[in-house]
Amino acid sequence: MGVDEDGYIFAACTFFAKNHPGEMCGSNGLPLTPSSVTILGQAQRLLHLEHPNLCTYLDVIRCKHERIIVVSEVIGKSLNDFKSKFSFDQIMNIGLQVANGLNFLHKQDIMHRTLSDDNILIDNYGYVKLFNYGMHYMTKGGNEIPFPLGLPRYLSPEIILGGGGPSADVWSFGIILLELCIGKLWQNLRPGPILRRILTLVHAGNTAERIAREHDHYDAYKQVPETLRNIIEKCLKIYPSGRATFSELVHDLSALDSKQMVEVKRPQGLLGCKLQVLYHLWQLAGGDIQSELKKNCLIKNSPPILSMPIAILLDGSTIGGKTGALFDRRIAMYSLKLLKQRLSHISPHDFYPLMHERKKEYDAVTLPKIIRERDTEYQFYRLLWFNRLLHGYPHTASYIRAEAEIDIPPLVRGDVWAALLGISGDIEDQYERIDKETPTPTDRQIDVDIPRCHQYCWLLSGERGHRMLKRLLKAWLLTNPQYVYWQGLDSLTAPFLYLNFCNEARAFACMQAFVPKFLHKFFLKDNSSVIKEYLAKFWQMTAFHEPELATHLHEIHFVPELFAIPWFLTMFSHVFPLHKIVHLWDALLVEGPSLPLFMGVGILRQLRDTLLSSGFNECILLFSDLPEIDIGECVKESIIMCRSSPRSISYRRFTKETISKDPMDLIEVPMDVLFSEICPRISLSDFFSLMCQEKCCVIDIRSNLLFDKSCIDGSINVPYSGVHLAQRELRALGLRPQRAIADAVRLNKNVVIASAEHETAQLFSDYLVKCCVPRVCILHGGIQALHANVPSLFTVPPPRNNGNK
Amino acid sequence: MATNRSGTAQRPNGAPQTKVCQFKLVLLGESAVGKSSLVLRFVKGQFHEYQESTIGAAFLTQTVCLDDTTVKFEIWDTAGQERYHSLAPMYYRGAQAAIVVYDITNQDTFGRAKNWVKELQRQASPSIVIALAGNKSDLAAKRMVEFEEAQAYADENGLLFMETSAKTAMNVNDIFLAIANKLPKSESAGGAAAGGRRLADGDAPRSSSCCK
Ligand SMILES: Nc1nc2c(ncn2[C@@H]2O[C@H](COP(=O)(O)OP(=O)(O)OP(=O)(O)O)[C@@H](O)[C@H]2O)c(=O)[nH]1
Ligand SMILES: [Mg+2]
Numbered sequence: 015m016g017v018d019e020d021g022y023i024f025a026a027c028t029f030f031a032k033n034h035p036g037e038m039c040g041s042n043g044l045p046l047t048p049s050s051v052t053i054l055g056q057a058q059r060l061l062h063l064e065h066p067n068l069c070t071y072l073d074v075i076r077c078k079h080e081r082i083i084v085v086s087e088v089i090g091k092s093l094n095d096f097k098s099k100f101s102f103d104q105i106m107n108i109g110l111q112v113a114n115g116l117n118f119l120h121k122q123d124i125m126h127r128t129l130s131d132d133n134i135l136i137d138n139y140g141y142v143k144l145f146n147y148g149m150h151y152m153t154k155g156g157n158e159i160p161f162p163l164g165l166p167r168y169l170s171p172e173i174i175l176g177g178g179g180p181s182a183d184v185w186s187f188g189i190i191l192l193e194l195c196i197g198k199l200w201q202n203l204r205p206g207p208i209l210r211r212i213l214t215l216v217h218a219g220n221t222a223e224r225i226a227r228e229h230d231h232y233d234a235y236k237q238v239p240e241t242l243r244n245i246i247e248k249c250l251k252i253y254p255s256g257r258a259t260f261s262e263l264v265h266d267l268s269a270l271d272s273k274q275m276v277e278v279k280r281p282q283g284l285l286g287c288k289l290q291v292l293y294h295l296w297q298l299a300g301g302d303i304q305s306e307l308k309k310n311c312l313i314k315n316s317p318p319i320l321s322m323p324i325a326i327l328l329d330g331s332t333i334g335g336k337t338g339a340l341f342d343r344r345i346a347m348y349s350l351k352l353l354k355q356r357l358s359h360i361s362p363h364d365f366y367p368l369m370h371e372r373k374k375e376y377d378a379v380t381l382p383k384i385i386r387e388r389d390t391e392y393q394f395y396r397l398l399w400f401n402r403l404l405h406g407y408p409h410t411a412s413y414i415r416a417e418a419e420i421d422i423p424p425l426v427r428g429d430v431w432a433a434l435l436g437i438s439g440d441i442e443d444q445y446e447r448i449d450k451e452t453p454t455p456t457d458r459q460i461d462v463d464i465p466r467c468h469q470y471c472w473l474l475s476g477e478r479g480h481r482m483l484k485r486l487l488k489a490w491l492l493t494n495p496q497y498v499y500w501q502g503l504d505s506l507t508a509p510f511l512y513l514n515f516c517n518e519a520r521a522f523a524c525m526q527a528f529v530p531k532f533l534h535k536f537f538l539k540d541n542s543s544v545i546k547e548y549l550a551k552f553w554q555m556t557a558f559h560e561p562e563l564a565t566h567l568h569e570i571h572f573v574p575e576l577f578a579i580p581w582f583l584t585m586f587s588h589v590f591p592l593h594k595i596v597h598l599w600d601a602l603l604v605e606g607p608s609l610p611l612f613m614g615v616g617i618l619r620q621l622r623d624t625l626l627s628s629g630f631n632e633c634i635l636l637f638s639d640l641p642e643i644d645i646g647e648c649v650k651e652s653i654i655m656c657r658s659s660p661r662s663i664s665y666r667r668f669t670k671e672t673i674s675k676d677p678m679d680l681i682e683v684p685m686d687v688l689f690s691e692i693c694p695r696i697s698l699s700d701f702f703s704l705m706c707q708e709k710c711c712v713i714d715i716r717s718n719l720l721f722d723k724s725c726i727d728g729s730i731n732v733p734y735s736g737v738h739l740a741q742r743e744l745r746a747l748g749l750r751p752q753r754a755i756a757d758a759v760r761l762n763k764n765v766v767i768a769s770a771e772h773e774t775a776q777l778f779s780d781y782l783v784k785c786c787v788p789r790v791c792i793l794h795g796g797i798q799a800l801h802a803n804v805p806s807l808f809t810v811p812p813p814r815n816n817g818n819k
Numbered sequence: 003m004a005t006n007r008s009g010t011a012q013r014p015n016g017a018p019q020t021k022v023c024q025f026k027l028v029l030l031g032e033s034a035v036g037k038s039s040l041v042l043r044f045v046k047g048q049f050h051e052y053q054e055s056t057i058g059a060a061f062l063t064q065t066v067c068l069d070d071t072t073v074k075f076e077i078w079d080t081a082g083q084e085r086y087h088s089l090a091p092m093y094y095r096g097a098q099a100a101i102v103v104y105d106i107t108n109q110d111t112f113g114r115a116k117n118w119v120k121e122l123q124r125q126a127s128p129s130i131v132i133a134l135a136g137n138k139s140d141l142a143a144k145r146m147v148e149f150e151e152a153q154a155y156a157d158e159n160g161l162l163f164m165e166t167s168a169k170t171a172m173n174v175n176d177i178f179l180a181i182a183n184k185l186p187k188s189e190s191a192g193g194a195a196a197g198g199r200r201l202a203d204g205d206a207p208r209s210s211s212c213c214k
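Chains as they are written, first to last, in my numbering: chain A, 15 to 819; chain B, 3 to 214.
Wrong hints could be hidden among the right ones.
Claimed, not checked - To spell it out: a stretch of chain B is covered by chain A in this simulated footprint if at least three of its residues, at any positions, have a beta carbon under 8 Å from a beta carbon of chain A; those stretches are: (1) 49-56; (2) 61-71; (3) 151-163.
Said to hold, decoys possible - Between beta-carbon pairs, the in silico distance windows are: (4) Asn494/A with Asp157/B: 45 to 51 Å; (5) Asp69/B with Arg745/A: 35 to 41 Å; (6) Glu148/B with Glu306/A: 41 to 47 Å; (7) Arg667/A with Arg124/B: 32 to 38 Å; (8) Asp540/A with Gln153/B: 37 to 43 Å; (9) Ala411/A with Lys144/B: 51 to 57 Å; (10) Asp69/B with Ser690/A: 47 to 53 Å.
No lab work stands behind these hints, which were simulated from the structure alone.
For glycine and all other residues, C-beta sits at the position ideal for the given N, C-alpha and C.
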């Protein structure tokens, strides 16, 4: 389409949604969903429609006082603004393009209902697009607005009588064509009389001729080519069933159309970007839809006293005091000047990044993610690059993962998540096949949970959001018969719905892929051992990275069962608002299933000082009413912890990952042993690689007799029998061990306890945790296992010089 | 009778020092009957239409002043879904008081409440003070459980009973006060059988002991 360089490229219009009188409640005792919220939910689907003869919807915004603002692509000017007459060839061509757009809408089961000469736009090259064709759809047939839809002179008789279906659009289309041929109809008449005129047509044999006669244009009408007249007459049949359909009209008009359209090359550079991207970047650059509307007086700021109702009736309805028009036909237009200035220094070359080009480094990468997300230039580069990669998915999956590790642009988060979860194939078809309607006993619980699930989010609080969430949950339960509905599953589904509001099937596919990866077996009917194991591992990770805090919490008998079940069962989605969850999950999807354990530790770490100075009651209160958590910081810390921890220490038996049978990797212990251990165990192979990288300090707690015979090269001997567990001071261990441990702590090394009996290893490692030594773990299988598998690590220590124990 | 937001006992100047008693109270009942809403109303004086569902349990405290004593409630608000049932003993074990909640617009929730009462009578401390709350009394137009029916049941089982509304605040403070009044507060009556609390081994939610 031709976009003239400095022209307007999108527009906004505004109207008011209906106000529910007073404090009305629905049948469940909850307040009725505000109309504006319903409209917002409905309109989401429109944002995803794309057709060459439709102006793409870009945004729907809900403002104060039930005001809705609709943002859409705009081109050229409207039919209404053209003063000169069109030739019959031009009329047929315009007609064909309009019919194409309407045909597409009808195929999507969307009725226009408001077609008029001011929402058919034509650009300089003769390309036609329909503007704001979704009023009827987004307002649920006008139910959610306090004003009637459509301009009177385009309404079909059955609409005026209060009925009507999609064929009403055919009538309006016929009137448009007729007006193009013989001029505007019923001018200077007020709405009432116009409607009456239309109704009198009911008795006419040939409606078009009758209208032409009424306007003294019969001769002009007769000069219209017969083919075109036939089409008009097929549209203006009184009985809706007698009218042509748009697919027939497209067929007829294509046969007549002879116009050669000018090839318009896709613009290069910035304007070649997708409109949605441009709109997003324009906003980041400071573009503000509302302020422009105010400037154009489409939103008036009047003092509240003037908008107060004159009277309020007992049923809650009000009289008087309305301000401004409920629906303003005017639109405000926006150019990209602002954005162009902001990005003017970008070289044309940068618009076409090559797949295998070396990755560009941007300064912004060092800034926090939330700031990066608002940086126009940074987002510009990221979006270009991600769109490129997403286009090549699934072949580009590994590139996408690598880029997602840096950050994920909010505009494409839904696509990127789906890619990270490996979604591909015909998901629509699979989802289509699942029975989402048949009632089940779980429905009651789902029904009471959905209206409590992330309801601050307009999308999820609307009727459409509720319906989709219920369908997703039912579909998921039916597809996973081994699982049951646990409260919290609703919160877990919410982020996927939120990011895939117009792609229910993909939301489902994501959910379906997410659970086995991160929450394997969590939703079993009896999930207690799964959850217990998870919490035990979480507690061990806390001792590993935050020994002082762990000791304190152990001492006040503060256990994770009391607060952390919702954290992990819902992967934090029941605990944080959506804007925080998305950042947590961005990291989760890249780093994998161990990360959440460390996120838990990350949260504790942020509350560390408060927790350390609190007793049991204060601690539990803190978690019942979680204070503000800096998610960016939490993610950063948890990734550092996760990557720096030997993999085996966070080993869980209940995962989907295949478990190696190699004795070097083996680490499983009976559950009751696991629950009694404060420090995690490390596998022989992890230990071996730490040794090779010189990243650990080994403390051998066997007797010095055994140690002197053969020991791990570089290990320190602290015979367990000589340790006073009550002392809690490293000094008590003697100078050499104290130094060695202090050095290990300073260098972030792991402190591995090697022993001949497991009990002593456990007691000694607990002791070190109490001495606030971080990164303590126990060598699984102890000295014997290591000796049996990696004898090469052993050596005979040099004889000791007595007196320096 | 005033409740006190700060959570500390009010001690008017010059008045004789009042006794401070601490009691553990647990809320039980079917999901969505309004347990969390009752607690939120009692503790913070608020009501959220879209109160989030409770997973596991939540803990809050609130203090009420009686004539000569200050009663500090340690409130455990539990998850209502039947599946979370296995966690419940962890919270009602060692509790001196329980509020069993049902929704007056839903007969099934009343049945579930009766089961909770039975379970408490069997498993909880024998001296536990149980109150039955018929919540959402503001929705009287949709009533499915008659006041008289619930009253009769409460009388039979020796329960305190009130119809409450977390939304309008009706009877919310009153039911907590009625419990506070009924709880034994004298030191002599101490021990696990009376107001004092004994911490059984493995009894997770614990804190300091009762009367000081
Ligand atoms: N009309 C009315 N609605 C209430 C009242 N109390 C609670 N609600 C509503 O009922 C719903 C459930 O309340 P919650 O407090 O979450 O119920 P719950 O018992 O804690 O539920 P779970 O946490 O699932 O066990 C919420 O939407 C509340 O707004 C009340 O007194 N009147
Ligand atoms: Mg609750």
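Violations among the numbered hints, reported as their numbers in ascending order: 3, 5 and 6
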